[in-house]
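S.K.: All chains should be built: construct the whole structure from the sequences, respecting the hints.
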Amino acid sequence: MSREGTVVRDKAGFLERRKDRRLGVLTVLVVLGLWEAVGRSGWVSPFFLPPLTQVLLSGWEITRSGEVFSHLAASLWRIGSGFAVGAGLGVLLGVALGFSQKADDAIHPLVAATYPVPKIAVLPLLILWLGIGEASKVAVIGLGVFFPVAINARAGVRNVDPLLVKAALSLGSGRWGVVRKVILPASLPMIFAGLKLGVGIALLLVVTAEMIAAESGVGFLILSAADLMQTTRLLFGIMLLSGLGLFLSWLLGRVERKLIPWRG
Amino acid sequence: MRTVVEGVSKAYDHPKGPQTQALGRVDFAIEEGEFVALVGPSGCGKSTLLNIVAGLLAPSTGRVRFHGASLNGRPRTAVVFQDLALFPWRSVEGNVRYGLEELGVARRDRRRRAREWLALVGLEGFEAHYPHQLSGGMKQRAAIARALAVDPGLLLMDEPFSALDAQTRMDMQLELSRIYEATAKSVLYITHYIPEAVFLADRVIVLTGRPGVIREKVRVDLPRPREERIKVEPRYVEYLERIWGLVRGVGGAAEGTGS
Ligand SMILES: Nc1ncnc2c1ncn2[C@@H]1O[C@H](COP(=O)(O)OP(=O)(O)O)[C@@H](O)[C@H]1O
Ligand SMILES: [Mg+2]
Numbered sequence: 114m115s116r117e118g119t120v121v122r123d124k125a126g127f128l129e130r131r132k133d134r135r136l137g138v139l140t141v142l143v144v145l146g147l148w149e150a151v152g153r154s155g156w157v158s159p160f161f162l163p164p165l166t167q168v169l170l171s172g173w174e175i176t177r178s179g180e181v182f183s184h185l186a187a188s189l190w191r192i193g194s195g196f197a198v199g200a201g202l203g204v205l206l207g208v209a210l211g212f213s214q215k216a217d218d219a220i221h222p223l224v225a226a227t228y229p230v231p232k233i234a235v236l237p238l239l240i241l242w243l244g245i246g247e248a249s250k251v252a253v254i255g256l257g258v259f260f261p262v263a264i265n266a267r268a269g270v271r272n273v274d275p276l277l278v279k280a281a282l283s284l285g286s287g288r289w290g291v292v293r294k295v296i297l298p299a300s301l302p303m304i305f306a307g308l309k310l311g312v313g314i315a316l317l318l319v320v321t322a323e324m325i326a327a328e329s330g331v332g333f334l335i336l337s338a339a340d341l342m343q344t345t346r347l348l349f350g351i352m353l354l355s356g357l358g359l360f361l362s363w364l365l366g367r368v369e370r371k372l373i374p375w376r377g
Numbered sequence: 565m566r567t568v569v570e571g572v573s574k575a576y577d578h579p580k581g582p583q584t585q586a587l588g589r590v591d592f593a594i595e596e597g598e599f600v601a602l603v604g605p606s607g608c609g610k611s612t613l614l615n616i617v618a619g620l621l622a623p624s625t626g627r628v629r630f631h632g633a634s635l636n637g638r639p640r641t642a643v644v645f646q647d648l649a650l651f652p653w654r655s656v657e658g659n660v661r662y663g664l665e666e667l668g669v670a671r672r673d674r675r676r677r678a679r680e681w682l683a684l685v686g687l688e689g690f691e692a693h694y695p696h697q698l699s700g701g702m703k704q705r706a707a708i709a710r711a712l713a714v715d716p717g718l719l720l721m722d723e724p725f726s727a728l729d730a731q732t733r734m735d736m737q738l739e740l741s742r743i744y745e746a747t748a749k750s751v752l753y754i755t756h757y758i759p760e761a762v763f764l765a766d767r768v769i770v771l772t773g774r775p776g777v778i779r780e781k782v783r784v785d786l787p788r789p790r791e792e793r794i795k796v797e798p799r800y801v802e803y804l805e806r807i808w809g810l811v812r813g814v815g816g817a818a819e820g821t822g823s
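Here the protein sequences come in this chain order: A and B. According to our numbering, the first sequence is numbered sequentially starting from 114. According to our numbering, the second sequence is numbered sequentially starting from 565.
Source of the hints: derived by calculation from the structure; they are not laboratory data. Among the clues, some could well be false.
Said to hold, decoys possible - Pulled a few chain A residues facing chain B out of the computed Cβ check, cut under 7 Å:
| # | residue |
| --- | --- |
| 1 | Leu276 |
| 2 | Leu277 |
| 3 | Lys279 |
| 4 | Ala280 |
| 5 | Gly285 |
| 6 | Ser286 |
| 7 | Leu297 |
| 8 | Pro298 |
| 9 | Trp375 |
Quick reminder that beta carbons are idealized off the backbone N, C-alpha and C, glycines included.
M.R.: Spelled out as structure tokens, the structure:
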């Protein structure tokens, strides 16, 4: 031991987490670089893995011709309307179930029984009922978004701190005031958690539905490229989906920060 | 407004096993403009009693009555809860405005009155902050302003300072007695901290252990405005010792001396 004695060291130091965005960007760049290198090396046929630059080039062509935008617009429209319908009904039902024990006793078993059914399995039935057009696609997305939103909204309402409800009652609120001014804002964070799950599901379902029956959309773009063995277009379609997913969760994050400013 | 608690008791049902008799039968009154402190050991039913007076819990026996002129729609009681229960999604000013909205006060007046109350509790400049951005003492002040803003007939406070550090607690006691002396509200104040009860109250009601019944009602004849230096006066110390004795079960029949 030295003359100064033993200096205390921070044993918990390794628990500290410091965020470094540059690392994430670096990883993406390295993967893209590897892709390009492997594609050019001749180790694999460009039919299986064309280099990144070729994929981007083919993407640029269909972007310039406007084809990409019509596919993107078709997919976005389906996601948007399916999401709006599913999330709207999900919030309504979830809040109702969370608030009324009677409604919950009556309806929750039905929800629990239908929730685990993979929604894509219902698509053929929806096509049978609603036709091959837009309605069946919007419906399957709506169905997929509906469940996580409803279940989260129900949980959010049920978990509202009863003390906050008491505070509102003591300040003169009636039942409706409690629902509108306490229960709804208090369950917003949970509802948003449900919406975030819903975005992922909507993306999954839109692509699947477009692969099964569509003449437009990013899913159709990918499948038709595969049919024609155009690997570059196929890979560009996949990159589009990655971008679309990032964009949608960014959008939802913005809305969330706007609506829930009290969460730090 | 005068508040009368008549034969109130509470037993909680349990799904399995016997009921919990939380509160025995208690009778007392709170006069218009009086500050009554209720002291008793943890678990003796103080919060239960406060919730009954607030109309948030039904008593097993007895009732609570309010006497006096109509309050024109203002609530009979407003509560400062032990855990504050500030609305996290509302700013400080939004919290104080809450009750005014429910009262139907016009938008412009709500804002003005909320700001007046915030100024009174010393929260000027923090109107736009959210509760999570405030220190414990500031949250406490916000909760007090929120309850006072609806101008209730009786202010109910459930151990509001128990989560504060000693220094802040002392400051808040002074602040509260200043606010009480400025507004002349009736107050029912719950605490298990006897020096606080004696410092703040006109009358201290001592409850026994669970199920709580009234052991003694002690009138506190100390001058107002209450200032920090009364805490070293012999009379204050005598009250402390007497009430300590009552809480520990020494002397004092259920007969109210000087109630
Ligand atoms: N909702 C409840 N259900 C069952 N028992 C309760 C409930 N609330 C309080 N109690 C019991 O009643 C007794 C008194 O509680 P409380 O009024 O909170 O006491 P205090 O505020 O004096 O500490 C305690 O034994 C507590 O466990
Ligand atoms: Mg308590």
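S.K.: Now tell me if each hint is right for this structure.
M.R.: Taking the hints in turn, this is what the structure says about them:
1. A hinted interface residue such as leucine 276 of chain A counts as satisfied when its beta carbon comes closer than 7 Å to some beta carbon of chain B; here the least separation is about 4 Å, so the hint holds.
2. The interface hint given for leucine 277 of chain A is met, as the beta carbon of that residue sits about 5 Å from the closest beta carbon of chain B, less than 7 Å.
3. About 5 Å separates the beta-carbon of lysine 279 of chain A from the nearest beta-carbon of chain B, less than 7 Å, and the hint is met.
4. Contact between alanine 280 of chain A and chain B, as hinted, is supported at the beta carbon level, the nearest pair being about 4 Å apart and thus within 7 Å.
5. The interface hint given for glycine 285 of chain A holds, since its Cβ lies 4 Å from the closest Cβ of chain B, which is under the 7 Å cut-off.
6. Because the smallest distance between the Cβ of serine 286 of chain A and any Cβ of chain B comes to about 5 Å, under 7 Å, the interface hint for this residue holds.
7. Restraint check, leucine 297 of chain A versus chain B: the minimum CB separation of about 10 Å is more than 7 Å; hint violated.
8. The closest approach between the C-beta of proline 298 of chain A and any C-beta of chain B is roughly 4 Å, which is under the 7 Å cut-off, so the hint is satisfied.
9. Against a cut-off of 7 Å between C-beta atoms, the interface hint on tryptophan 375 of chain A holds, since the closest Cβ of chain B lies about 5 Å away.
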